[in-house]
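Student: Those protein sequences? They're chains X and E, same order as listed.
No gaps in the numbering here: position 344 of the first sequence is 326 in the working numbering, and each next residue is one more.
No gaps in the numbering here: position 143 of the second sequence is 125 in the working numbering, and each next residue is one more.
Worth flagging that the hints you see were computed from the coordinates, not collected in a lab.
Model, not experiment: these values are computed from the prediction.
Take these hints with a grain of salt, some might be off.
Because identical chains cannot be distinguished in the list, a pair is counted as satisfied if it fits within a single copy or across any two copies.
Stated by the list, open to error - The calculated EDC-like cross-link candidates involving lysine to aspartate or glutamate, where the alpha carbons are at most 16 Å apart (straight line), are:
| no. | residue 1 | residue 2 |
| --- | --- | --- |
| 1 | K302 | E346 |
| 2 | K302 | D319 |
| 3 | K90 | D282 |
| 4 | K341 | E215 |
| 5 | K344 | D297 |
| 6 | K166 | E148 |
| 7 | K333 | D287 |
Read off the chains here:
2 protein chains.
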Amino acid sequence: MSAPEVVLLAGGAGTRLWPVSREARPKQFFRIEGVSLLAESFGRAQRIAANGGARPDAAHENVWAVVTAALAASTRAELPLLPPANLLAEPERRNTAAAIGWAAIEVKRRRGGDAVLAVLPADQHVANVDAFAAAAARAVALARDGRLVTMGIRPTRPETGYGWLETGASLGDGAFQLARFVEKPDRARAEEFFARPERFLWNAGIFFFRADRMLAEIATHMPMLAGALAEIEASPARLPEIYAALPRDLPSIDYGVMERAADVACVAAGEVGWSDVGSWAALRDVLPRDERTHNVALGDPILIDTERSIVDARDQANVKVVAVVGVRDVCVVVTDDAVLVCAVDQAQRVKDVVEAIRKTKKTEVL
Amino acid sequence: MSAPEVVLLAGGAGTRLWPVSREARPKQFFRIEGVSLLAESFGRAQRIAANGGARPDAAHENVWAVVTAALAASTRAELPLLPPANLLAEPERRNTAAAIGWAAIEVKRRRGGDAVLAVLPADQHVANVDAFAAAAARAVALARDGRLVTMGIRPTRPETGYGWLETGASLGDGAFQLARFVEKPDRARAEEFFARPERFLWNAGIFFFRADRMLAEIATHMPMLAGALAEIEASPARLPEIYAALPRDLPSIDYGVMERAADVACVAAGEVGWSDVGSWAALRDVLPRDERTHNVALGDPILIDTERSIVDARDQANVKVVAVVGVRDVCVVVTDDAVLVCAVDQAQRVKDVVEAIRKTKKTEVL
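Pulled out of the complex, with its shape left as it was, chain X reads as follows (with noise of 0.2 Å):
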C-alpha cells in the first residue's frame, strides 16, 4: 500500500493580505513566526504522506505542488526539500479544477491510477498539526476505497465567507457520508448552521481521492477540462498552448466535480486550530497575543494604550520605529513602501484599498 501524494496547491494570487502580501508574494509567503504559510503547509503535507506509510525522511517525495509559472522560481526557493519534478507550473493562471486535474494525470503517469492524492491549499495556517494529520489519515484510507473525500472543518464562528458542509450518515471514527456541499451562506443560515456543529462544517478546500477516480469524475462532470488533460497526458510539451485554450471561467473543483458526484465522504477535523488567514482581523484572531492587552505585535512595534489590536512592524530595510498609541481593534501593517491602518471589523475591505490603489497607478506596490 503505497503512501498518499500531497499536492499543495501554491497558485493563490490575491492580496488580502495586502500590503505584506502583493501579487508576486501572495498569501502563501506570509509569514507567521518566521514560517511561511507555504512552508508550514509543506510540513503538514510531508506528515500526512508519513502517516500513510511514506518513509518519514522520504515524505518530501510524495510531496508536489501546483503553481503558476511566475511563482516557481521563489515557490522552489521556499521549499527547497520539493523534488523538482513535483512542481507543477502552469504557463496560466486557471481555476482549481485544472490544476488538481493536471496534478492527478502527472501522479498517475509517474505512480499509477491507484494512488491516493491529498489536496491542501498551500495558504492555509494549522495550530495543531498533530490532530489534523490524524484526520487526515483517516480520509486518505477512504480515499483508497475510492472515494473522494472532504476534510471538515468545525466551526468557530457563524462564518458567511465560507461555503460549508452538511453531514449525513455517520461512516464511524468522524466520518460521514456528506449529505451536500452549501454555498457561503446568509447571517441567518450561518448561525443556524453554527448552532449545530455535528452536522454542520467548514469546507476548507481540502480533498482525497485517487487519481483514476478524479479523473472519471472529471470526464463525467467537466468534459472539455477531460478533453484538455487527455491532450496534454498525450503530448505534455504541447501544455501551454492547451492550458492557454481553457476557458477562463473554469468552475473550481468544489462547483464543477465534488458538489456533482455521487458518494462523497467528510471527514471531520477535530481542534485543529485551522485558520485560512483570510485577513488580518483572521490573523489577529489566530496569532499569540499579549495576555493583557490582547495586542499581536509582530515585530517590536512601540504599543501604548492599545488593545486588541494587530500591529505588523517586522523588519523592514527602512522603517525602523512603528508607534500605536490610544486605540482599540484596530490593524496597523507597515511595509516600507506601502501603509495600513484598518479597523479589524473592516478587514476585509483591504480588497476596496487594492481597487483604489489600481485606480492611482501606484501599481508597484501591489
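Use these hints to put chain E onto chain X, whose structure you have.
Tutor: The following block gives chain E in isolation, referenced to the frame of chain X:
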C-alpha cells in the same frame, strides 16, 4: 519713527509632531500647504515691520531670527530673505530670556536703544495675518511709548496646556493693562477662564518692547543674565564662553521678566486663527478639512470610511501608499523611517513614544 525689529525665536526643539518633526528639523520646519511654519512666521514678521513703517519691499531687513547653532544652516536655507547679519546663532540652547536679551543688545547696537522689538515664536500658525498684523501694530505703538506689551489670543477651548493672561483696565482699542500672568490652570480654572473671554486670554509668547526697556527689566529681575549680556556687548567674540557659562535652568522671559515687571500691557488679538501647532490633534483642528468626513489629508492617502482623522502621507522617497480604513479620530503619520498611529485625544502622548524610542536606541528616527 523707525519700524519695529521683528525677532523670530526659531531655536525651538521638541518632537511633538514626531515623526515628521525631528530633533534636526523641529516644529518650525513643519510645512502646512508647502510652507514651513518658519517661513510663514517670516512672512508675518515682514507684515509687522511694514505695518510699523518699514518699506514693504525692504521689510525683511527688519526681521531677525535667534536660533541654535545646529539649526543655523537649515534656518538660513529656509529663509533666503533673512539678512545674514540678522541671524543670531546661539552656541548653546538656553531659555527665551537669553535669546531675547541677546537680540535686545544686538538691536540696540545696530538700531539704537529706542528701537522697538516684536518677538514671535517661529513655530506657530496664524490663519488670518491681516487681523494679526493689525493687533501687532497696536502693540508696537504701545511699546514705542515704553511699555512691555504681550499679545493675548482669544481662547477657543478651555486649554490647560497654556499659560493665560488676565486683563485689567482698558487702554482702548483692544488694549488693556495686564492684571497678571496665570500659570497653566487646572481643568476647572481653565473652564472658568474660558467662560470669561473678555477677561482671560491665552499667552502665546508674543511680546513687544523697546530694547532699552527690556534690558533695564533684565538688569532689575535677572542680574546674572544682565551681567552676561553686558559682557557680550563689550566682547562679542567671547559669546560662546559666556553662553556656556549661563545656567541651563535660566528662567523663561515670561517667568524671569514679564511676570515681575510693572506696567505690562496686553493687546487682545481678535479672530486671528492662531495655533501653536502643538500636537497632531491641534493640526487636525487648524488645517483645512474635508467637509463631509472632517478628515485632514496631507499628501494623497487612500481614506475609506474614515472620519475626523488626520493623515499625513506627504511625499516620501520610499513610502508610496498610505491607506486608512474604518477609523475615527485617529492621527496617522507616515515617514520613510517611522510610522505613528495615535488616537487624536492621546496626541500629547507622542512624547511617551519619543521616550520609548530613546530607550530602544533607535534614536536615528528622532
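Student: All hints are to be evaluated individually against the structure, with a verdict given for each.
Tutor: Results of checking the hints against the structure:
Only between protomers do K302 and E346 lie at most 16 Å apart by alpha-carbon distance; the minimum there is 9 Å, versus 22 Å within a single protomer. Both within a single protomer and between protomers do K302 and D319 lie at most 16 Å apart by alpha-carbon distance, with minima of 13 Å and 5 Å respectively. When the C-alpha separation of K90 and D282 is checked against a cutoff of 16 Å, the pair qualifies neither within a copy, at 48 Å, nor between copies, at 54 Å. Taking the shortest Cα distances, K341 and E215 never come within 16 Å of each other, neither inside one copy (42 Å) nor across copies (64 Å).
In this assembly of identical chains, K344 and D297 lie within 16 Å of each other by CA distance solely across copies; the values are 13 Å between and 23 Å within a copy. Taking the shortest Cα distances, K166 and E148 sit within 16 Å of each other inside one copy (12 Å), while across copies they are farther apart (67 Å). Taking CA atoms no more than 16 Å apart as the test, K333 paired with D287 passes between copies only; the shortest distance there is 14 Å, against 29 Å inside one copy.
Checked against the numbered hints above, the structure violates hints 3, 4; every other hint is satisfied.
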